[in-house]
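Asks: Residue numbers (this note's numbering), protein chains in the order written: chain U, 1 to 228; chain W, 1001 to 1235; chain L, 2001 to 2273.
Honestly, the hints are just simulated from the structure, not real lab data. Where is the CB? At the ideal position from N, CA and C, for every residue including glycine. Take the hints with a grain of salt, since some may be wrong.
Pairwise CB distance ranges (calculated) [to be verified]: (1) U/Trp90 <-> L/Glu2104: 35 to 43 Å; (2) W/Leu1229 <-> U/Asn2: 52 to 60 Å; (3) L/Lys2125 <-> U/Trp90: 47 to 55 Å; (4) U/Trp90 <-> W/Pro1154: 52 to 60 Å; (5) L/Ala2241 <-> U/Val6: 45 to 53 Å; (6) U/Arg137 <-> L/Asp2129: 42 to 50 Å; (7) L/Lys2126 <-> W/Ala1033: 38 to 46 Å; (8) L/Glu2137 <-> U/Trp90: 44 to 52 Å; (9) L/Lys2162 <-> U/Arg151: 51 to 59 Å; (10) W/Gly1011 <-> L/Phe2220: 34 to 42 Å.
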Amino acid sequence: MNFELVFLAVPTLAKGLRLTAMLTVASVAIGFNLGLALAVMRLSNNRALSGFAKGYSTVFRGTPLLVQLFLFYYGLGQLSFVRDNPVLWWIVGDGAHCAVTALALNTAAYTSEILRGGLMSIPGGLVEAAQACGMSRLLCFRRITFPLAIRQALPAYGNELVLVVKGTSLASTITVLEITGHAKRLMSQTYAILEIFAIAGLLYLLINLVLITLVRLLEAHLTRYLPR
Amino acid sequence: MELGLLQVWEGGWISAILRGAAITIALGMASMAFGAVIGVGCGLIKWARIFPLTLVVDFYTSVVRGVPELLIIYLLFFSSVEFVARVAAAFGYEGLAGNGYAFTIAVVAIAAISGAYSTEVVRGALAAIPSGHIEAARALGIPGRRIFRRIIAPQMLRIAIPGMNNVWQTTIKDTALVSVVGLQELMRVAFVGAGSTRNPFIFYFIAALVYLAITLVSQGGFDWIERLLRPRTRK
Amino acid sequence: MLNKGNQNMKLKSLLIATFFATGLTAAHAAEGELSIGTEGEYPPWSMADAAGNVTGFDADVGNLLCAKLEMKCHFVVQAFDGLIPALKAKRFDIIISGMSITAERKKQINFSVGYAELANMFVVKKDSDLAGVKDIEALLTSLDGRTVGVQAGTTHAHFMEKRASSAVLKTYDTLDQMQIDLASGRVEAAFADSSALQDFLGRPDGKEFQFVDVKVLSTFDPTLGEGIGVGIAQENTELKARIDKALCEMVADGSIGKASQTWFKTDISRPCQ
Chain U
1 MNFELVFLAV
11 PTLAKGLRLT
21 AMLTVASVAI
31 GFNLGLALAV
41 MRLSNNRALS
51 GFAKGYSTVF
61 RGTPLLVQLF
71 LFYYGLGQLS
81 FVRDNPVLWW
91 IVGDGAHCAV
101 TALALNTAAY
111 TSEILRGGLM
121 SIPGGLVEAA
131 QACGMSRLLC
141 FRRITFPLAI
151 RQALPAYGNE
161 LVLVVKGTSL
171 ASTITVLEIT
181 GHAKRLMSQT
191 YAILEIFAIA
201 GLLYLLINLV
211 LITLVRLLEA
221 HLTRYLPR
Chain W
1001 MELGLLQVWE
1011 GGWISAILRG
1021 AAITIALGMA
1031 SMAFGAVIGV
1041 GCGLIKWARI
1051 FPLTLVVDFY
1061 TSVVRGVPEL
1071 LIIYLLFFSS
1081 VEFVARVAAA
1091 FGYEGLAGNG
1101 YAFTIAVVAI
1111 AAISGAYSTE
1121 VVRGALAAIP
1131 SGHIEAARAL
1141 GIPGRRIFRR
1151 IIAPQMLRIA
1161 IPGMNNVWQT
1171 TIKDTALVSV
1181 VGLQELMRVA
1191 FVGAGSTRNP
1201 FIFYFIAALV
1211 YLAITLVSQG
1221 GFDWIERLLR
1231 PRTRK
Chain L
2001 MLNKGNQNMK
2011 LKSLLIATFF
2021 ATGLTAAHAA
2031 EGELSIGTEG
2041 EYPPWSMADA
2051 AGNVTGFDAD
2061 VGNLLCAKLE
2071 MKCHFVVQAF
2081 DGLIPALKAK
2091 RFDIIISGMS
2101 ITAERKKQIN
2111 FSVGYAELAN
2121 MFVVKKDSDL
2131 AGVKDIEALL
2141 TSLDGRTVGV
2151 QAGTTHAHFM
2161 EKRASSAVLK
2171 TYDTLDQMQI
2181 DLASGRVEAA
2191 FADSSALQDF
2201 LGRPDGKEFQ
2211 FVDVKVLSTF
2221 DPTLGEGIGV
2231 GIAQENTELK
2241 ARIDKALCEM
2251 VADGSIGKAS
2261 QTWFKTDISR
2271 PCQ
């Protein structure tokens, strides 16, 4: 390995690391809430709501993220009503905003499936008991259903977080300079492909390691009543 | 019309898109098949904890599952890996021009990714086989190879089907990433069409529909296989 | 169109003629296959259709060169920033893709003599305040903080990184993507060679745009290269000698100039030094 190159590549890729982290945090923050809403909709008795949630999840899980991203960035960018609307153009006009939107909508679909599984795993008796105690539906959701569903869904959600981190690399295809974008630019300057992609890969592994550790800690915290 | 539906029709893009879809499906199936071979091999190693090999397999699965697919594809396409050329030569693809070479590398890249996920599925399926079955077979004095063939393999297959469905869905979607390096699959055709007609919306929209059709049809197929293999139980 | 068909016919008969003429050295002709890497998405240099057929100036140069070398050619289409790695991986024998000869690239691969040279230019919206700038230094300083589109891995990208580092650079895999973003207003200016941008200005979505009247030549900054050459693998010195000789003859007899007239309406051939 060429050390001169490492000194050149590490600071540049670290700049990309910040953006990758920001893309991840923003997409997860939006995507989680959206996914939760979709999961609740999916389990509601209203046919229209559950149908919409099911359709949403099918479409977003059935098409590649790259297609979604290009459809948002290049496809919507072509439509004049999107370009003339300042709010829509703020979202679509900028590569990073567009990437966050696409990633958030995409992860929301997967999150809704994971949370739905968690919500369905809760024994009916618990909810009945809460109602018998006179809890309102909202209070029951907040105190009983949601915390239990999260605990159940956490391991699967940890995997989804890793997928979001990996998904941010696609932002490089719409001019966003996150880790992969910088790696590609460095590659065309130095042609030291193996070294640069090895460093970039290590950065991603590092992010994912940190994320998985955090999820494990949270899991241990939520299941602290269990004998060890 | 702003969307340019007419241009799609008149420019002969429909047939190009269908050809691209065929390449996507072929690429997905080839990668899935090689990935499954990798998955069974590595899954058995992980399950049986064959000492030095498990470390290699662990390294492989955690790197591939932790690094973005796009990065792996860039690496394989751009680096002068003699390895890929050798794989191509081994399958008699030496001197194959254009799409043939790109297709081979694409299969290597996607199969490597798909294989890592298959490994986990196979390992999980093997672990789910009740150990009593194997112990009982041993007690009856059935030789090891036959235990694998008659007891382990059939159960593993059945348990692994839903997981393999997930891997397939991921694999077919991952093939879209190969478009960034120039294989004329579905996404690439949409990409070229969007660029040359300046109607990206309609092209990516059609591409999304075709991908959706592929995933929905194959989902139906997997559901059918799953029903077929479900053990008959009392209601 | 008709003219082009004619050219193809001539080329074919030329190929057939050379085939018979070299009948005695058939053994050599059998191994005489040359695969050419090209981008395929850079009009009017290199355009690939859905079936993989390549047309454009690069294709003409490639076909003329092969006729001269008495070799059979086929084109391999590959994204521009992957061309050099792919050549090194022996995916094809040479690169003909409007590639400028630069010091950086020379560290990776060998080049033939430069056979063509084009001015590099900026394109902006007609009502942009950059439209009237006449001086290159003034132009580069006024790009400060503005978004400029370039194609990934090109001399244009390297030039911008070096000379206008305060501009916000957006790099695209293909020229089409860059032009779509230019038309939609995501980038304020685009930097490329004048021929490729001329093609954009002639399109419906290029109507509101114009050149900035500043020609950026390789004499201004060596990052922009020493003309356009054929990329050849470093170890392939014998092939380089043959290609150099053929190219010099092609420039001298005006066949490259003629191809250039077809695609650029001007002669961009560069005489051998």
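Asks: Give a verdict on every hint.
Replies: Do the hints match the structure? See the list:
1. U/Trp90 <-> L/Glu2104: 35 to 43 Å: holds, 38 Å
2. W/Leu1229 <-> U/Asn2: 52 to 60 Å: This hint holds: roughly 53 Å between Cβ atoms.
3. L/Lys2125 <-> U/Trp90: 47 to 55 Å: With a Cβ separation near 20 Å, lysine 2125 of chain L and tryptophan 90 of chain U fall outside 47 to 55 Å, so the hint is violated.
4. U/Trp90 <-> W/Pro1154: 52 to 60 Å: holds, 57 Å
5. L/Ala2241 <-> U/Val6: 45 to 53 Å: violated, 38 Å
6. U/Arg137 <-> L/Asp2129: 42 to 50 Å: Violated, since arginine 137 of chain U and aspartate 2129 of chain L (Cβ atoms, about 60 Å apart) do not stay within the stated range.
7. L/Lys2126 <-> W/Ala1033: 38 to 46 Å: violated, 55 Å
8. L/Glu2137 <-> U/Trp90: 44 to 52 Å: Because 34 Å falls outside the window, the suggested range is violated.
9. L/Lys2162 <-> U/Arg151: 51 to 59 Å: Given a distance of about 54 Å, which is inside 51 to 59 Å, the answer is holds.
10. W/Gly1011 <-> L/Phe2220: 34 to 42 Å: At 40 Å between Cβs, range holds.
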